[in-house]
Amino acid sequence: MWRYVARRMLYMIPILFGITLVTFLLFNVAGGDPAAQAAGRYATPERLAQIREQMGLDKPLLEQYLHMVKQLATFDFGRSWSSRQEISGLIWAGIGPSLSVTFPAFVLSLLITIPFSLLLAAKRNTAIDKGTMVTCLGLISISSVVYVLAGQYFLAYKLGWFPVSGWDPSWDGRWQYATLPILIMVSLSLGADILFFRTVFVEEMFQDYVRTARSKGLSNAKILLKHVLKNGMVPIITAVVLQIPFLITGSLLIESFFGIPGLGGLIYQAIQEADFPVIKAMVLIGAISYMVFQLISDVLYALVDPKIRLS
Amino acid sequence: MFKNIFVILATSLALAACTKKAPENDNTINYGLRTNLKALDPEQGSETSANEIIPNIFETLFEYHYLKRPVVLQPLLAEAMPTVSKDGRTYTIKIKKGIRFQDSEVFPDGKGREVKAQDFIYSWKRIADPRNKGEGWWIFDGKIEGINDWNAKLAKGGKPEEVNEAFNAPISGLQAPDDYTIVIKLAKPFYQLNNVLAMPFASVVPKEAVDKYGEEFMNHPVGTGPYKFESWIRGNKVTLVRNPNWHGGTYPNEGAPGDQEAGLLADAGKPLPFADKLVFHEIPEAQPRWLNLMKGALDFGGIPKDNFDNTITDGKLKPEMVSKGMKLWTFPSLEVVYIGFNMADPLLGKNLELRRALSLAYDGQTARKKFYNDRATIAMSPLSPDIDGYDAKFVNPWKEFNVEKAKEHLKKAGYPEGKGLPAIEYNISGSSTDRQMGEYVQQQFQKIGVQVNIISSSWPQFIERLNQKKAQMFGIAWVADYPDQGNMLQTLYSKSAAPGPNNSNYNSKEFDALFEQSEKIPPGPARIALFHKMRDQFVKDVPWIPTVHRLNDIIYQGWINNLKRHDIIRNSYKYIRVDQAKKAELKAKL
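Here the protein sequences come in this chain order: A and B.
With the first letter of the first sequence counted as 1, position 155 gets the number 155 in the numbering used here; the numbers rise by one all the way through.
With the first letter of the second sequence counted as 1, position 512 gets the number 823 in the numbering used here; the numbers rise by one all the way through.
No lab work stands behind these hints, which were simulated from the structure alone.
The model shown is predicted, which means the values in this text are computed figures rather than measured ones.
Please note: incorrect hints may appear among the correct ones.
DSS-like, lysine-lysine: derived pairs with alpha carbons at most 30 Å apart [stated by the list, open to error]: (1) A:Lys-59 to B:Lys-635; (2) B:Lys-638 to B:Lys-627; (3) A:Lys-158 to B:Lys-893; (4) A:Lys-158 to B:Lys-422.
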């Protein structure tokens with residue numbers, strides 16, 4: 001297995017090269033003159049030339065590209081144009097708040113959706129199953145902004161269960177503010193996840209081994225929990241693990257509505273202010289973590305299902 | 312394993328929902344910022360959100376009297392208002408002794424150092440230093456003797472030592488003969504210098520802090536103000552706490568007519584500031600900002616467009632809001648919104664009768680209701696309300712909505728019933744409200760047979776069209792930088808034509824002569840008489856259709872006292888008092 005991991009990591013090198021190259025071209029070649037962006041409104045041509053020199057934009061493109069690769073390797077992305085803070089510092093500061101919301105939401109939603117989908121698969125074509133499917137379709141069709149607006153209006157404003165928005169960096173105070181965003185994120189994923197997981201489990205239940213197990217006289221519960229669940233986990237793991245990079249980057253929508261100082265808000269603000277170094281760093285980190293988790297998901301695949309060989 | 316995780320998670324969530332944090336010190340003012348903050352450096356602060364915070368930390372030589380209207384300047388860090396030489400070119404300003412910067416790690420022993428005259432010169436040089444990409448350079452550009460040469464030398468660049476030397480070189484127009492005296496020599500008379508020196512841009516900052524934090528000074532502000540910086544969680548909130556070493560100040564003893572009755576003088580003579588803590592929450596979305604205000608988590612704020620009808624009827628707060636103790640404060644923006652004609656355009660610029668016809672055909676009252684919820688006054692001229700020289704009774708004859716008369720003038724213009732007149736291009740920037748306003752203008756002019764094509768573009772493209780004098784007709788507003796009608800009227804001075812503030816490229820010898828004359832004399836009745844003459848010239852030539860002066864509505868909680876917001880008075884937090892007993896009582900109802 002380690003050979004497989006090592007080989008996959010080697011494959012990652014050309015992909016990484018591709019990602020950095022595309023990002024570089026997007027920001028440094030196609031995106032216009034970064035110096036003009038950074039210089040502000042009243043820059044003279046001399047001043048512009050000075051900034052180009054400071055930013056290293058007067059150097060050959062290859063050298064500039066290598067500089068970016070070095071930044072990525074050392075996790076030192078320079079300073080934000082708008083806040084002038086170290087970008088790596090901004091990213092570290094943002095990961096915690098983002099994960100405080102996304103991770104509990106992620107776990108909670110799996111804990112609800114997987115058992116529930118399994119139950120639906122067992123009770124397929126009954127009224128509960130059909131009713132849930134229709135409800136799930138309804139949940140998917142509603143725009144995510146509506147969840148946020150309704151959550152804030154009813155649960156926070158009308159019922160007063162939570163603060164409307166805000167954040168407390170201390171661990172004690174954090175949950176008071178994080179609970180409503182977590183609940184909203186969970187409800188956002190319910191519809192799609194239940195539909196998907198149910199389909200997976202139902203498909204699994206028509207497999208031959210289930211029929212065999214049943215003919216051997218295994219109880220329905222045992223079939224479901226021992227066989228269907230385990231085999232159904234393969235596609236589920238793929239879908240779930242690939243969500244993890246997005247947990248780190250946080251939710252743009254939730255963070256901006258709730259004033260959560262996470263990475264989603266950082267990206268949102270950087271885009272609004274054309275803060276290229278921050279956007280560039282986030283694009284790179286996002287792409288790379290996606291790659292890493294894809295590898296993890298492939299490895300987990302094999303662990304769950306020995307039939308899949310790592311070759 | 313799943314089961315265990317579930318138990319832990321469920322318990323922690325349940326605990327979280329139950330834990331109530333110990334209540335924060337209630338002598339706190341909470342405000343919701345409408346945009347995310349970028350910088351807390353006065354030199355960078357041209358945005359509204361930053362300007363809400365900066366004047367509490369940093370201070371200027373002069374400030375506006377909190378209550379008097381129209382606004383009046385008074386000394387803040389200055390000992391008195393400046394003495395001005397006869398030719399109006401030399402200002403001598405004495406600064407107060409014993410003013411100290413806030414305690415900070417940047418000073419030896421962490422104790423704030425005394426502010427000297429040289430600190431102001433240093434701070435102003437920072438604004439004029441092109442390396443800082445500051446947004447306030449225009450306040451000194453061309454106005455102070457020697458500053459443009461100094462700026463040009465720095466802009467040239469060179470080795471760091473050379474540039475630093477260029478920065479340290481003296482500017483002939485900015486001198487400190489002793490520690491408590493500043494002498495400013497102007498390149499030409501500029502009677503609004505005092506106003507400019509009251510803008511947050513001109514605040515005093517300590518060199519030690521700029522040297523220590525470098526580029527990050529904007530994240531570690533140190534000033535002389537009544538509140539000092541405590542923390543900033545980016546994207547979330549900024550917290551300021553009372554500065555124990557503040558030089559002090561008292562609540563004003565006199566105000567404008569009506570202030571006494573409104574209870575605005577109840578705290579007269581009491582020491583400032585009242586609140587212990589200011590918290591500025593970054594809430595760019597309208598709904599959470601509004602719900603937080605309605606819940607009492609914020610102390611005051613504007614009314615989002617979508618909530619307007621549920622909040623105000625006939626200019627008054629609805630009873631359900633009043634029953635919660637909430638109050639309404641309305642104040643005019645120092646501005647004019649207008650439809651401009653490009654006077655450089657061969658059709659509109661040359662045909663006075665056509666411009667008159669269009670002005671007469673525009674129904675301003677209906678637009679006021681439709682687009683501004685009645686929260687605006689009809690504009691008759693470029694002169695802004697709430698600034699000396701504004702005359703609420705003045706009537707512009709071409710602002711009468713009269714379709715018949717408009718048709719007559721269109722006939723005189725050579726286009727009876729609009730025949731032979733090519734469609735006029737009306738330029739707007741892209742928001743949906745702007746688009747609706749554009750369609751409204753289209754309908755208005757259609758009534759007399761004039762066709763209008765709407766050219767909708769993004770804000771930068773729109774500005775580009777104005778700058779290139781390509782916009783035939785356009786909708787825009789001018790907001791005063793400081794309370795002076797001269798600042799409003801520069802929008803019509805031929806030498807500030809596009810890309811300057813004169814977007815309509817109006818060029819009138821008579822107007823220019825009056826404007827230049829007004830620049831040479833100090834504020835007073837003679838200058839106001841000139842403003843009125845300029846206004847009359849404007850009415851004669853119809854280069855714009857002035858539409859409205861907008862009003863701002865602020866809702867504030869019943870426990871907030873002394874709130875009297877104004878666009879120009881930015882250091883108002885020190886005057887606001889939180890009635891904590893009332894807060895406890897009223898908040899229970901929200």
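Hints, one by one, checked against the model:
{"no.": "1", "hint": "A:Lys-59 to B:Lys-635", "verdict": "violated, 64 Å"}
{"no.": "2", "hint": "B:Lys-638 to B:Lys-627", "verdict": "holds, 9 Å"}
{"no.": "3", "hint": "A:Lys-158 to B:Lys-893", "verdict": "holds, 22 Å"}
{"no.": "4", "hint": "A:Lys-158 to B:Lys-422", "verdict": "violated, 48 Å"}
The structure fails to meet hints 1 and 4 from the earlier list, while all remaining hints are met.
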